[in-house]
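Asks: Chains as they are written, first to last, in this note's numbering: chain Y, 300 to 622; chain P, 757 to 1082.
Don't take each hint at face value.
[As the list claims (entries may be wrong)] Derived DMTMM-like pairs (lysine to aspartate or glutamate); straight-line CA-CA distance at most 20 Å:
(1) Y:305 - Y:435
(2) Y:497 - P:1024
(3) Y:473 - Y:392
(4) Y:501 - Y:453
(5) Y:566 - P:1030
(6) Y:497 - P:792
(7) Y:563 - P:1030
(8) Y:563 - P:792
(9) Y:497 - Y:583
(10) P:884 - P:856
(11) Y:563 - P:1002
(12) Y:566 - P:908
(13) Y:310 - Y:341
(14) P:883 - P:856
(15) Y:566 - P:1024
(16) Y:565 - P:1030
(17) Y:565 - P:953
(18) Y:310 - Y:392
(19) Y:497 - Y:522
(20) Y:473 - Y:435
(21) Y:566 - P:885
[As the list claims (entries may be wrong)] To list a few chain Y residues with every Cβ distance to chain P over 10 Å, as calculated:
(22) 302
(23) 327
(24) 382
(25) 499
(26) 544
(27) 552
(28) 568
(29) 591
(30) 605
[What the hints assert, rightly or not] According to the in silico footprint, chain P covers these stretches of chain Y (three or more CB under 8 Å from chain P):
(31) 397-408
(32) 466-480
No lab work stands behind these hints: they were computed from the structure. Being a predicted model, the structure only gives us computed values, none of them experimental. Each residue gets a CB set at the ideal place from its N, CA and C atoms; glycine is no exception.
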Amino acid sequence: MEPLVKVRNLKKYFTVQASMFGKPRAVVKAVDGVSFDIHPGETLGLVGESGCGKSTTGRLILRLLEPTAGEVFFNGRNIFDASAAEMRNLRREMQIIFQDPYASLNPRMTVGQIVAEPLRVFNLAAGAELEKRVRELLSCVGLAGYHARRYPHEFSGGQRQRVGIARALATNPKLIICDEPVSALDVSIQSQVLNLLKDLQKEFGFTYLFIAHGLNVVKHVSDRVGVMYLGQLVELAGDDELYGAPLHPYTRALLSAVPVPDPKVKKERIILTGDVPSPVNPPDGCRFHTRCFRCMEVCRRRPPEFREARPGHWVACHAVEGD
Amino acid sequence: MDNLLLNVEDLKTHFFLDDGVVPAVDGVSFHLRKGETLAVVGESGSGKSITSLSIMRLVPAPPGRIVGGRITFAGEDLLAKSEKEMRDVRGNRISMIFQEPMTSLNPVYRVGDQIAESLVLHKRMKKKEALEQAVEMLRLTGIPSPEKRVRDFPHQMSGGMRQRVMIAMALCCQPELLIADEPTTALDVTIQAQILELMQELQRQMNTSIILITHDLAVVAEVADRAVVMYCGKVVEEAPVAELFENPLHPYTRGLLNSIPRLDENVDRLFMIDGVVPNMLRLPPGCAFAPRCPEAREHCRETAPRLTRVAPGRLVSCLLVEGGAA
């Protein structure tokens, strides 16, 4: 099947002005050469620690940011070539759910107005039809019709996240980018929202790009998972394969660091030393070599190639055996 | 119990707002032994942070006020102490680590000066001596080249390093009790593993008792000896950690444990606790968890349960648990 989204060698560098006069400049390589596909109907998880570029990747796929280099094909169409008018139409097909349900809803609009806005912008409904559609959307996400007249501050975090989801559903998109949709929520509310996202996918066949730092959450929702480190994808594989037989040393360390909610399990933990290096000045060779417990001579010199080491299992590491 | 360090008895901290009284902490009791780690678990609004602020006597007043109960620390009544006497306790015998290391460090002072401050204040050290001690503390927390880093400002450090500075600051006076309020919530998982390991290592060296306040049951399983589960300002269950995970007695504890997605399991749907935490201004009569409880019966909505001992070291507040109906 043709992928819904094809990301090819995507790069985004941010220039930071060091002085007021803009002379010494530094470049943050937030995303530095990322390639992957998203298949229709699947959930692709993207994990990594703060600053690894996962959210920037999500925003580039929606063209909320212009890339430094690379391509994103949506349904075979390179979105970076699209004109403003074409882009507007494309955005009907791709929506986003944000992390912070407090900051992503306009406090001066009622929930009804918030959910109706995309319908109005794209002229999808008006009048009584619009009202009916808003009620339908609210009921899809487990809210009641009377909630439409209320303002965001009257809702709890979990309910606000439901409003954000209803807004994303409004245009009946193909792709929904979920950027840390549950990290701001309590555990008991988190499971409600995760189940809701899964139910909606079953019902409407959405494709999700699920960006999160919680490895357990990503495992629960994803069919395939990509791991990012310092702006690059280091590993990409099916959910069971990645968690069951991770190849990249960083993935292994990351998985071993996740605390297990079971006091009987005593894990062999790989504790990484030091912090993530600055993306302004990433290490030469493999970017992970400064913290890697399997670092070899070649790792310091040459960046590893992102290759398919096993069928469907991609990895960028010199230490991994394979073809 | 001869090695008892802290005893909290029927603590009540209420907030007096324009539209009513919020019983943020409402009759909370627990104890802590020397060298022990006690986890206080709960979701937002459960009262776990207000409990710790009450122990430190740092409840924002007004609108908050401790309206009842006793807090005994090393045999002394903390609630009877004057503000001046409390200042000798805070940062010296009881210290605290907060969730967000950026907002709890002063951005305009060097980290070394901030660590040294409490040594000068509590241990009557000379500034120079205190700064040397600050370098030692930074070394202990695993910060590379501490003699250079001691001159850094907080913004020059990463999140993990700032949390190490907070730990160094909290432990420099060798407190008997460390209260860690969500110490790793703002950190990435590899850094979280480092910080938890560090806290346990320092606890072994200094025999500090720790109250770990968290919403993350996985962190509890990793580091705590005993746990207290809070809901709507009350303790609903207390148990040794192994038993809490093996056999949770309160339906809320069970719900929390079941709703965490796990790495070692594949399930299609997660367990859900329906509904939301009730408004603290209008708590339901009877058990506060009854409206969300899948097992609630009629009398749960009418009669409030009491925290009752059901087995050695195990307390639960639920009318459905045998022996739990007081």
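Asks: Now tell me, hint by hint, if it's right for this structure.
Replies: Now for the hints, and whether the structure bears them out:
1. Between residue 305 of chain Y and residue 435 of chain Y the alpha-carbon distance is near 32 Å, which puts this suggested pair outside the 20 Å criterion.
2. Of the pairs offered as hints, the one joining residue 497 of chain Y and residue 1024 of chain P holds, with about 9 Å between alpha carbons and a cut-off of 20 Å not exceeded.
3. Of the supplied pair hints, the one linking residue 473 of chain Y and residue 392 of chain Y holds, its CA atoms being roughly 5 Å apart against a limit of 20 Å.
4. At most 20 Å may separate the alpha-carbon atoms for a hinted pair to count; residue 501 of chain Y and residue 453 of chain Y exceed this at roughly 30 Å.
5. Only pairs whose Cα atoms come within 20 Å are accepted, and residue 566 of chain Y paired with residue 1030 of chain P is rejected, the gap being roughly 33 Å.
6. Between the alpha carbons of residue 497 of chain Y and residue 792 of chain P the distance comes to roughly 41 Å, so the proposed pair goes past 20 Å and is violated.
7. Our distance criterion of 20 Å between C-alpha atoms is broken by residue 563 of chain Y and residue 1030 of chain P, whose separation comes to about 29 Å.
8. Restraint check for residue 563 of chain Y and residue 792 of chain P: the C-alpha separation of about 18 Å stays at or below 20 Å, so the hint holds.
9. Pair hint residue 497 of chain Y plus residue 583 of chain Y does not hold up; C-alpha atoms about 41 Å apart against a cutoff of 20 Å.
10. For the proposed pair residue 884 of chain P and residue 856 of chain P, the alpha carbon gap of about 29 Å is over 20 Å, so the pair is violated.
11. Between residue 563 of chain Y and residue 1002 of chain P the CA atoms are separated by roughly 9 Å; this keeps the pair inside 20 Å, and the hint holds.
12. Between residue 566 of chain Y and residue 908 of chain P the CA atoms are separated by roughly 35 Å; this puts the pair beyond 20 Å, and the hint is violated.
13. Between residue 310 of chain Y and residue 341 of chain Y the alpha-carbon distance is near 24 Å, which puts this suggested pair outside the 20 Å criterion.
14. A distance of roughly 27 Å separates the Cα atoms of residue 883 of chain P and residue 856 of chain P; the hinted pair therefore is violated under the 20 Å criterion.
15. Between residue 566 of chain Y and residue 1024 of chain P, the direct Cα distance comes to roughly 25 Å. Violation of the 20 Å bound is thereby established for this hinted pair.
16. A C-alpha spacing of about 32 Å is found between residue 565 of chain Y and residue 1030 of chain P, which places the hinted pair above 20 Å, so the restraint is violated.
17. Note on residue 565 of chain Y and residue 953 of chain P: the hinted pairing holds, with a Cα-Cα distance of about 13 Å set against a maximum of 20 Å.
18. Distance restraint check for residue 310 of chain Y and residue 392 of chain Y: the Cα-Cα separation of roughly 23 Å exceeds the 20 Å cut-off, and the hinted pair is therefore not satisfied.
19. Between residue 497 of chain Y and residue 522 of chain Y the alpha-carbon distance is near 12 Å, which keeps this suggested pair within the 20 Å criterion.
20. Restraint check for residue 473 of chain Y and residue 435 of chain Y: the C-alpha separation of about 18 Å stays at or below 20 Å, so the hint holds.
21. Taking the CA atoms of residue 566 of chain Y and residue 885 of chain P, the gap is about 41 Å. The hint is violated against a cut of 20 Å.
22. With 10 Å as the threshold on Cβ separation, the claim that residue 302 of chain Y sits away from chain P holds: the shortest Cβ distance comes to roughly 25 Å.
23. Every C-beta of chain P lies more than 10 Å from that of residue 327 of chain Y, the closest at about 15 Å, which supports listing it as non-interface.
24. Once the 10 Å rule is applied to beta carbons, residue 382 of chain Y is consistent with being away from chain P; the minimum gap is 40 Å.
25. With a cut of 10 Å on Cβ distances, residue 499 of chain Y stays outside the contact zone with chain P, its closest approach being about 13 Å.
26. Non-interface call for residue 544 of chain Y relative to chain P: holds, since the shortest CB-CB distance, roughly 13 Å, exceeds 10 Å.
27. Not every CB of chain P lies more than 10 Å from the CB of residue 552 of chain Y, the least distance being 6 Å, so the non-interface label is violated.
28. Its closest Cβ contact with chain P, about 6 Å, brings residue 568 of chain Y to no more than 10 Å, contrary to its assignment away from the interface.
29. Against the 10 Å criterion, residue 591 of chain Y stays outside the reach of chain P, whose nearest CB is about 12 Å from its own CB.
30. With a least CB separation of 22 Å from chain P, residue 605 of chain Y remains clear of the 10 Å interface cut-off, as annotated.
31. Residue count for the region 397-408 of chain Y with a Cβ under 8 Å from a Cβ of chain P: 0. That is fewer than the three needed, and the coverage hint is violated.
32. With a threshold of 8 Å between beta carbons, the proposed coverage of the region 466-480 of chain Y by chain P is violated, since 0 of its residues qualify and at least three are required.
Consistency with the previously given hints fails for numbers 1, 4, 5, 6, 7, 9, 10, 12, 13, 14, 15, 16, 18, 21, 27, 28, 31 and 32, ordered from lowest to highest.
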